[in-house]
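J.: Required output: the full structure, derived from the provided sequences and hints.
For the record, the sequence lines run as chains U and R. Under my numbering, read the first sequence as residues 1 to 682, first letter to last. Under my numbering, read the second sequence as residues 1 to 176, first letter to last.
Be aware that one or more of the hints could be misleading.
[Said to hold, decoys possible] Here are some chain U residues pointing at chain R (derived, C-beta under 8 angstroms):
| # | residue |
| --- | --- |
| 1 | 158 |
| 2 | 161 |
| 3 | 165 |
| 4 | 217 |
| 5 | 254 |
| 6 | 255 |
| 7 | 256 |
[Claimed, not checked] Stretch by stretch, here's where chain U covers chain R in the computed footprint (C-beta under 8 angstroms, at least three residues):
| # | region |
| --- | --- |
| 8 | 52-62 |
| 9 | 72-86 |
| 10 | 90-96 |
Source of the hints: derived by calculation from the structure; they are not laboratory data. None of the values given here were measured: they were computed from a predicted structure. All C-beta atoms, glycine included, are put in the ideal place defined by N, C-alpha and C.
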Amino acid sequence: MRIGARIRLVLLGLAIASPASAGTESAVWSSYLDYAYVYSSADAAALRERLQGYGSEAGISLDRYVSEYFETLAPHESPDEESLQRRKAIAHLLLHLSKGSQEELEASVEAIRALSGRLDRHENAYWYHYILATRALERGNAGDFVQEVLDLWLTVVLPLEATYQTLDDLSLSDAPNSGFLAALPYVYENTARMIVLRSQEKGVDRDLDPLGAIVRLLYDGRVGAHPEVIPVAASSRAYLERIVGRMDGPESDVGSLTFTLALLEASKHHETARGLLAQDGLGAATQRALRTTTGAYEVAFKRARTVEGQCAVYTRVLREIGEVYVAKQRLDTEAELDMPFSIEGAVGVWATLRGEMAGDWKKLGYQNVTREQYLDAMRRLWEEIQETSLNVADYYLWRAAKEPTRADEYARAAARVYGRYLGFFHQYATEDGKSALPDSAYFAAFEASKGVGNALLAYAARPSSAEVVLGTERYRSALLLFPFDRELWPAITAGLGRHGRQSEYAKIVRPIAEHVARSRALSSWIDGSEPEAKRLSVLRTALADSEVLLYLGFAESERIPELDAQLDELRGKREALLREIAELGSRRDAMRAVSPEPVPAAPDETGTDDLADVAQKLADAEALLARTEQQIAARSRALPLWKETLATDGLADEMRARRDHPVHVLLRRMYHEGRPMETRND
Amino acid sequence: MTEIALRAWIAGFACLALAACASSGSRPVDFGSTEKAAEETAPLGGASLDLRRANMARMYEDLMHFRTALDDAEQRGDRTTQVALQHFVDAYIGMHLDPMLAGEWQSRHPELWGVDADLRLAKAQVLARMRERARANAVLEEVGTRYAGREDMLVHYPPGNQSPLGKAVQLIRDGD
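T.: Here it is as structure tokens:
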């Protein structure tokens, strides 16, 4: 028989035997107070409801029962002073937990302290430490709280554990005379909830680390291990699992419970803020939630003693910063949120992690994880740095477009943010450190490079000459990183055009095209039919043709019909030339037959054709035909190739949307396969 | 601080004093064989044996968690946590573990000697992390005495692996 059923049976008998009235002991309340460990961890609202129900059953509310029985008559009539005192302490505690009354808590402490000489009884010891721990939480005193929980473990849990398993094996753990032993699963659950939930509700967010050991013990075959008593779903098992997983994983601060709880709290606030953002936009409530989130991340950051912990906080808080900028742009609002975190700070943390990559990286806090997990933590932080940089810069470009009078200011701000990421990228995207970069870092560098070009050449109203040069150069760098963005090729010619340097286009882009054509990584990717191989093959073929390169830079897709018409015109011209040549040839042959004299050097003055004149016209027509044939051949080859590239549009958008897009891997390989040195250091 | 916890800590300090005596060469002859109630030292069977084994296995897991927690605090440079954990673990050992390990017979019982040896080595590892090197060495010495001639038996050390008892003792002694 389980505890719930036991309580009901006992209560039924007691209710029949002794109806309650004010001033006398209520058997109903005595029973419910004896089993308060079953329900004392409920939240305040649920506890109030329960106590009201029990009050109805007992015929007297707990408040009245406390004042009319425990505080008046009981001291004079109860033969069992120990039980009376314990129940009184529990009653006051329940009133405190259900109503938040500090007076009730102090009364509870005073009552339970009367039992300090009788703590050899486990039930007394449990409530003694539980009540004092509750008060320590109310006072925000982490040291006392930790001490009470540790004492509870030593003096209650361990002695009960020594025999509980055997009785449980024999189905005796719930026998009527098993006493407080049966409470062990609840003692586990209540202790767990007090450590991981109530401490955070009460704002005790420091110095909890000695309880990390207790949390590990609770998770190891204790909480959730008695589903016949407390169903696993109703227990805190899942939350403990998450906490222990975090403590042991790379998002930790070398197993610090304080840090783990702080980061989890911040994540909860973050989720709430996200929900509000999606539902209500950047309204007052959302801004409050975002500030709370930032504050919670700040607490977690302060609790971090190692770089591992700082990395974990930055990885999450950068996401929040990026989300705010995206929301400001999407919702067209100027909400100002003070963020004590910056991309520069995250870059600094990443650099510290990178600094020990070839050394003692474990000393940074990654003592309990594998090297791969350490590298993965770096890659995740990098991804957040890149995403936040791109989101912030994109926001500035949006502002530049929105406020033309301040376009230069915002465009330059965007260029600076992009430039900072590029500097970060070029410093660390090296052969020996590439395993710390995510695959998507290379495409992000392309986006940043292109972004600088866009900011200075498309968004800035009055860029300086140096900025035009820089913007054009960044376009070129972008194409080196990702040569498959068809839109970028005409952007280079446009940039050069603003400086009157269109003639340099071919010279600038040819090395990029050659890099693509020679790339072993791309060849093996296409030959191996890897994802997007067909699309990439079309682009590679196109880039290998110098005339297609010119189409890519100078032609516009809207002009395709015109280009097709021009080709048809050339073909018509060729036909006409062929006819003209045939006619001129016939005329020349006829004239030669009539006049065998040598051909004079120039036509006569009458203007009529003589043999020399016809011969010259024939030579001219043949030269023109040869040139026309050349044009037709070139255009017939290059125009279809260029048109095919139009069908490859969209790859950049797909890669931007998916940071796990397989082509990111290809970009990484192409970057590191003997790429021209100038982009590494520019 | 509760009276019981206070008593436990006093017991812990007493153990410390004993360990100090042991390391200085004046170890009492009855060290490690404190007089116990008959039912705690006598060989068990059936359900009692199962209970003893379960409790020993549970305590071994507990000690492994303490070891992790102490390591983590050391890595973080968190002296406050180290001190609090040292007091707690000391009380744990004095109140619950040492009474469990006091009996001689369990080191000779074929169904218990494996977990008994594991538990003693775990205790030594935890003591070493508490900077109680002398007490850790005393535990290892006692393991050597109890398991003389059985140094080839496999024990769970390092955690997650197995190695011969003699080698494990040496590794822990050398600084684990």
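J.: Checking each numbered hint in turn, tell me which of them this model violates, lowest number first.
T.: none
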